[in-house]
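Turn these sequences into a full structure, and let the hints steer you where they fit.
If you're matching them up, the sequences are chains A and B in order.
In this text, residue positions in the first sequence follow this note's numbering: the first is 169, and each later residue adds one.
In this text, residue positions in the second sequence follow this note's numbering: the first is 169, and each later residue adds one.
Take these hints with a grain of salt, some might be off.
You can't tell identical chains apart in this list, so a pair holds if it fits in one copy or across any two.
Simulated crosslink set (DSS-like; lysine-lysine; CA at most 25 angstroms straight-line) [claimed, not checked]:
(1) 432 <-> 293
(2) 403 <-> 340
(3) 443 <-> 215
(4) 443 <-> 461
(5) 432 <-> 350
(6) 425 <-> 461
(7) 403 <-> 293
(8) 461 <-> 293
(9) 432 <-> 461
Quick caveat, the hints were computed from the structure, so don't treat them as lab data.
Predicted model, so just to flag it, every value in this text is computed and none were measured.
There are 2 protein chains.
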Amino acid sequence: MTEILPHVNDEVLPAEYELNQPEPEHCPGPESDMAGKSDACGGCANKEICESLPKGPDPDIPLITDNLSGIEHKILVLSGKGGVGKSTFAAMLSWALSADEDLQVGAMDLDICGPSLPHMLGCIKETVHESNSGWTPVYVTDNLATMSIQYMLPEDDSAIIWRGSKKNLLIKKFLKDVDWDKLDYLVIDTPPGTSDEHISINKYMRESGIDGALVVTTPQEVALLDVRKEIDFCKKAGINILGLVENMSGFVCPNCKGESQIFKATTGGGEALCKELGIKFLGSVPLDPRIGKSCDMGESFLDNYPDSPASSAVLNVVEALRDAVGDV
Amino acid sequence: MTEILPHVNDEVLPAEYELNQPEPEHCPGPESDMAGKSDACGGCANKEICESLPKGPDPDIPLITDNLSGIEHKILVLSGKGGVGKSTFAAMLSWALSADEDLQVGAMDLDICGPSLPHMLGCIKETVHESNSGWTPVYVTDNLATMSIQYMLPEDDSAIIWRGSKKNLLIKKFLKDVDWDKLDYLVIDTPPGTSDEHISINKYMRESGIDGALVVTTPQEVALLDVRKEIDFCKKAGINILGLVENMSGFVCPNCKGESQIFKATTGGGEALCKELGIKFLGSVPLDPRIGKSCDMGESFLDNYPDSPASSAVLNVVEALRDAVGDV
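Here you go:
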């Protein structure tokens, strides 16, 4: 039934492109010189839109590249599905990296409609300040800077009822106008899915260079199904996959110390998926309720429970990740 | 810092509206007769776009209203955050309603980038057929029809790399061109957030009438934070809230029968939130790993484990929901 679907994936489309109908099968693509002129364009309701679209590169991209030029490593935290611990892991990764006082770390929250990073990093009440050098990020510690839409809301509970086009504008500002200064790492937390935020961040940062993506999953089949889609996205979008981490892998009962597989793997979980797809498996993190608790309190689980198996597991993944980006 | 944010929430904007810059503070709104002409429009980079936008109502909306006219009750399943069990609950709600052979039930999957319903309902390999009366939904049983983008993918793993505007087109087709026929219930599973899918479904179905939203959360503070945003969205968008269900409320260790709060409530969880906001609390569903397992197998947990506490909890919520829509 592929004939029902529009034929062009949006990774090639500009944010300003709005369809009157799905593209025809042999659509040359709206950025092509043939846009609006090929045989397939005759009778297509998008013909005029395609003809009128700007054909050159986005003039903001060199500005973004310049603004991010002081950042050594840029890591996307991705997963197809929500609730697998993407933001939790992004927060723990940020805490872990910034525990090294010699590293300058930034954490950028691309989840515009459901920002969680500020809460997990304990700075939800902060606000962003504008200066001559741009928007000043919120500093959690001396060497951990963050940016999120949460810092701009009139009330903590305010819904951000935005279509994709407006989210793209804000993401562009986060990249172009935030005064990140020099960073060793920029950790970019993304929302679930493969839509505007993902297409835009990849397009806007193509010249700056993304080191790659850390893919987060749980062992469940429904999570793996979406993760496969996310990996397909990375391949199509040309994003390097640094590795995969399996979260919530097993639960140790605090009463009897017996282990339960709460999000049980039906098909071998993350490690089997990595083998199948030739992706590096960075490790498993057990389900420890104190992780969620620490995140709810805006504190570092790694500081609160340094001797826990989950802390060791997280730190092992962070080491493997630093290794994967060539920082050893 | 609200002055940094664009001032108009997109619930009032047409899907075709693309911004050159955030709206100015006293923006009359692009659908207003004053669009492009008010004092605030002078110097705004969106002026020409606003002037040229069609001002009348969307001509597809009467067609949608007609196509959905045989559906008695329409329920949105919402939650700000991903991974709280929205699709799982939507699937269980669909199984529970269709267990009554006298009810005709439909389940529509609005999660375009991360569809899970077909997997959970055990029909991931099915495809959609087109006929003179529109797209025929996939029937799980004689009285349970479903529609999802998953049925249209060339491969199960294919990423849907679509910006919001293209997702809106498909959602419109699901509402306008799917031959739902007569239904007692249409259960609509949504993706996380408050963006294109949510704005569009509300706009397209405004004349058809949505009975209301079932809001799903877990007890964790980070989930409640996003749920507060979703509730704010419902209020601003004029969507009736039927009630809230708290998922993954407690875990009973299969070894020692001791209960653990894995997704622990820091602030009283879903029930306290309901009291605070004046929303009906429909009940709690305990965390039972067999729920995820049944979903992974595409089977009904309620059929597989009818005597489990979780099954009773789900059925109680379904009863409360039927009561809330006046079907008793």
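Task: Earlier hints that do not hold, by number - done: 3, 5
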